[in-house]
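Engineer: Residue numbers (my numbering): 1 to 117.
Worth double-checking, as some hints may not be accurate.
[Said to hold, decoys possible] DEER-style ranges, computed between Cβ atoms: (1) A72 with N23: 28 to 36 Å; (2) G51 with S101: 14 to 22 Å; (3) N116 with R64: 17 to 25 Å; (4) A31 with G51: 14 to 22 Å.
Source of the hints: derived by calculation from the structure; they are not laboratory data. Note that beta-carbon positions come from the ideal geometry of N, C-alpha and C, so glycine has one too.
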Amino acid sequence: MPLRLYMDMDSLRPAVIRGLRANGTDVLTSAEAGHQRLSDERQLEFATAEGRAIYTANLVDFTRLHAAWMRAGRHHHGIIVRINQQLSVGDQIRALGHIGSAMPAGLEDVLVYLENW
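Full structure from sequences and hints, please.
Structural biologist: This is the structure:
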């Protein structure tokens with residue numbers, strides 16, 4: 001299953017989006033979906049309903065959401081968190097590509113730290 005991403009407002013960098021799409025990654029942004037003002041939980045619910053992993057730079061809230069969802073028996077299609085706010089465009093694109101290649105079955109219920117890739 002190819003990586004399908006939903007990028008929240010914390011992760012929107014046009015060059016990253018262009019690079020991912022040029023590499024064939026299916027990317028939907030919160031702006032394109034008209035969801036800029038949704039809460040973090042609603043963003044995760046939307047990504048899950050769309051069968052997408054969410055890509056965010058919001059470490060604290062999404063780590064907390066992942067733990068809460070796992071405790072409640074809820075499922076999501078993956079949370080990818082970028083910790084380093086200065087990570088280059090190229091490094092983000094490469095790491096996201098590696099994640100997609102290394103986890104072809106998908107990221108269901110997985111919390112991934114981008115810098116580990």
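Engineer: Out of the numbered hints, which ones does the structure contradict?
Structural biologist: none
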